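Novice: Listed below are the residues making up each chain.
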Amino acid sequence: MYCEDVFDLIDRLTRADRIPIPNGFLSELLRATGLANVAYLAFNIPTGLADQPLLSAVHAASWRKSYAQVRRVDLEPVVRVGFGGIMPLDWRLLDRDDPMVCKLLGEALELDLRANGVSIPLRGRRGEYALFSVCCPEDASSLLSPRHALIRQLMAMSAIFHSSVRDAFTGESHVDMRMSDPELACLRLKAQGTGDHEIGVALGAGPTAVRFWLETARARLHAASVDDAIEEACRIGLIRVGVERRRSATGSTPAELIDRRER
Amino acid sequence: MIALLPGESRALFPRLMDEMYDLRLGAVRAHAGRPSAAVHRLAVVDYFDSLDPLYVLALDEMACVAGALRLLPTTGVTMLNDASAGAPRDGLRVESPLIWEASRLTLRRAGDSRATDGAMNRTIGQLGVALNAVAEAAALTYLIGVFDGAMHRLLSHRGCAGETLAPPMRIDGADIFAVLYEVGATMDAPFRSLAGDASAPPINLADLERLRQTDCRS
Numbered sequence: 001m002y003c004e005d006v007f008d009l010i011d012r013l014t015r016a017d018r019i020p021i022p023n024g025f026l027s028e029l030l031r032a033t034g035l036a037n038v039a040y041l042a043f044n045i046p047t048g049l050a051d052q053p054l055l056s057a058v059h060a061a062s063w064r065k066s067y068a069q070v071r072r073v074d075l076e077p078v079v080r081v082g083f084g085g086i087m088p089l090d091w092r093l094l095d096r097d098d099p100m101v102c103k104l105l106g107e108a109l110e111l112d113l114r115a116n117g118v119s120i121p122l123r124g125r126r127g128e129y130a131l132f133s134v135c136c137p138e139d140a141s142s143l144l145s146p147r148h149a150l151i152r153q154l155m156a157m158s159a160i161f162h163s164s165v166r167d168a169f170t171g172e173s174h175v176d177m178r179m180s181d182p183e184l185a186c187l188r189l190k191a192q193g194t195g196d197h198e199i200g201v202a203l204g205a206g207p208t209a210v211r212f213w214l215e216t217a218r219a220r221l222h223a224a225s226v227d228d229a230i231e232e233a234c235r236i237g238l239i240r241v242g243v244e245r246r247r248s249a250t251g252s253t254p255a256e257l258i259d260r261r262e263r
Numbered sequence: 001m002i003a004l005l006p007g008e009s010r011a012l013f014p015r016l017m018d019e020m021y022d023l024r025l026g027a028v029r030a031h032a033g034r035p036s037a038a039v040h041r042l043a044v045v046d047y048f049d050s051l052d053p054l055y056v057l058a059l060d061e062m063a064c065v066a067g068a069l070r071l072l073p074t075t076g077v078t079m080l081n082d083a084s085a086g087a088p089r090d091g092l093r094v095e096s097p098l099i100w101e102a103s104r105l106t107l108r109r110a111g112d113s114r115a116t117d118g119a120m121n122r123t124i125g126q127l128g129v130a131l132n133a134v135a136e137a138a139a140l141t142y143l144i145g146v147f148d149g150a151m152h153r154l155l156s157h158r159g160c161a162g163e164t165l166a167p168p169m170r171i172d173g174a175d176i177f178a179v180l181y182e183v184g185a186t187m188d189a190p191f192r193s194l195a196g197d198a199s200a201p202p203i204n205l206a207d208l209e210r211l212r213q214t215d216c217r218s
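Chains as they are written, first to last, in this note's numbering: chain U, 1 to 263; chain Z, 1 to 218.
Hints listed in this document are in silico derivations from the structure and should not be mistaken for laboratory results. Predicted model only: the values in this text are computed from it and were never measured. C-beta: ideal position from N, C-alpha, C; glycine also. Misleading hints may appear alongside valid ones.
Stated by the list, open to error - Covered stretches of chain Z (in silico footprint by chain U; criterion: 3 or more residues with CB under 8 Å from a CB of chain U, positions within the stretch not fixed): (1) 62 to 76; (2) 94 to 103; (3) 130 to 138; (4) 169 to 180.
What the hints assert, rightly or not - Just some of the chain U residues that point at chain Z, by a computed CB distance under 8 Å: (5) 86; (6) 122; (7) 151; (8) 159; (9) 206; (10) 208; (11) 212; (12) 225.
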């Protein structure tokens with residue numbers, strides 16, 4: 001099969017039935033962070049259709065032709081490095097002397113994309129691989145300097161997004177309604193405003209373990225922060241906390257989360 | 001010296017992979033209580049190696065592998081969650097993009113003349129410091145060490161065992177301990193004191209192999 005045939009096939013497939021993917025939170029995150037462009041690419045997404053492989057692509061027609069002609073998918077450095085590894089990839093670390101990198105970044109700038117960004121490789125429990133990339137504004141020093149915080153935020157958000165995609169295809173929900181006893185106890189005590197050390201004393205564990213259980217609870221609930229996890233756990237009835245004692249965890253949009261963190 | 005070897009690049013560095021598997025084989029032979037021939041080399045390469053983990057290798061001054069471990073994100077398939085039929089114990093997976101698993105820690109064993117106490121301390125220290133640095137670069141919050149009993153004891157004696165998460169699991173007839181490290185200064189300090197001044201940023205693998213080949217020719 002020629003490359004052109006493959007891209008014709010992709011064209012036909014993209015006109016087929018669409019499965020809506022809930023990505024409202026992602027849009028909010030982008031608005032709040034000032035990150036303008038997102039690319040998401042996944043392989044081996046389980047479809048629940050054993051013998052019907054799924055291929056879905058959204059790409060400008062002119063790009064598809066150009067990519068087919070130059071075999072760009074073989075050369076794209078972010079895709080090559082990102083899919084192969086597990087480390088988040090800061091585009092600033094790409095070899096800017098590499099002619100291919102120069103060409104790609106030049107093209108990105110021409111297309112009003114940014115030459116700076118981060119790619120997050122994702123691995124799933126069903127054997128799927130994905131790559132989640134964002135462009136960062138060149139002049140946003142406030143975003144670039146705390147790159148560590150941005151990467152952590154993107155790691156959490158991209159995993160939630162990926163789960164949403166996977167769930168949309170499989171028709172399952174991977175938000176885990178089950179929690180271990182320590183996770184529930186930590187959420188409950190945290191909601192009451194108890195400190196990590198005191199929670200540890202109450203549970204016979206150290207503060208490290210407490211923070212670990214809070215993190216696994218956060219991830220299980222697909223929440224963006226521990227505060228959000230507490231909100232969600234209360235909402236779905238996993239924990240019950242007296243309203244008067246509950247620590248304020250208002251503001252669950254990414255913008256408000258970021259504001260709170262900055263404070 | 002520390003080298004980071006992404007699993008998908010293993011074919012480019014066969015010497016390093018061979019040396020790492022040899023260390024694993026030595027550890028299995030030393031602890032299985034079986035004659036050497038009973039443990040085949042294939043037995044030390046497991047399914048999790050096929051998932052393209054990130055290998056962290058400690059190299060000696062001759063650029064030979066003195067210690068190694070591998071990293072996998074807990075959002076994917078891991079030893080902790082998937083290695084035995086009973087795991088995870090309570091049916092709840094440990095799964096977060098900010099938590100990775102470190103497993104198959106192997107070191108040069110006693111019996112190898114190069115494995116002195118000092119050298120072993122240095123290797124453990126270098127691996128721990130590198131592990132923390134990788135985790136910080138990936139913005140992780142926790143690492144879970146999944147280590148066999150011998151390795152767990154070895155780390156405990158040196159004050160680097162982390163916080164035990166649960167009673168040991170039984171995998172392939174061996175007791176496996178899951179221990180918790182909180183990424184940051186607390187994790188770094190005990191390993192750094194073992195590494196002494198030997199901790200350094202990872203070296204470029206391609207450069208290393210090129211240099212070795214040049215040395216061999218000269």
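Novice: Now tell me, hint by hint, if it's right for this structure.
Specialist: Here is how each hint holds up against the structure:
1. Restraint check on the stretch 62 to 76 of chain Z versus chain U: 5 residues with Cβ-Cβ distances below 8 Å, three needed, restraint holds.
2. Counting residues of the stretch 94 to 103 of chain Z whose C-beta lies closer than 8 Å to any C-beta of chain U gives 7; at least three are required, and the coverage claim holds.
3. With 4 residues having a beta carbon nearer than 8 Å to a beta carbon of chain U, the stretch 130 to 138 of chain Z meets the requirement of three or more and the stated coverage holds.
4. Figure legend: the stretch 169 to 180 of chain Z, annotated as covered by chain U; annotation inconsistent (1 residues with Cβ-Cβ distances under 8 Å, at least 3 required).
5. Given the 8 Å rule on beta carbons, the hint for residue 86 of chain U holds: about 5 Å separates it from the nearest Cβ of chain Z.
6. Here the hint on residue 122 of chain U is kept, as its CB sits about 7 Å from the closest CB of chain Z, short of 8 Å.
7. Checking residue 151 of chain U against chain Z: minimum C-beta separation of about 4 Å stays under 8 Å; hint holds.
8. For residue 159 of chain U, the interface hint holds, the least distance from its beta-carbon to any beta-carbon of chain Z being 4 Å, beneath 8 Å.
9. Using the Cβ-Cβ criterion of 8 Å, the hint placing residue 206 of chain U at the interface with chain Z is satisfied: the shortest such distance is roughly 6 Å.
10. With 8 Å as the threshold, the beta carbon of residue 208 of chain U comes within range of chain Z, its nearest partner Cβ sitting at about 5 Å, so the hint holds.
11. For the restraint placing residue 212 of chain U at the interface with chain Z, the shortest Cβ-Cβ distance is roughly 5 Å, inside the 8 Å limit, so the hint holds.
12. Annotation: residue 225 of chain U was flagged as interfacial toward chain Z, and the flag is violated, the nearest CB pair being 12 Å apart, outside 8 Å.
The structure shown violates the earlier hints numbered 4 and 12.
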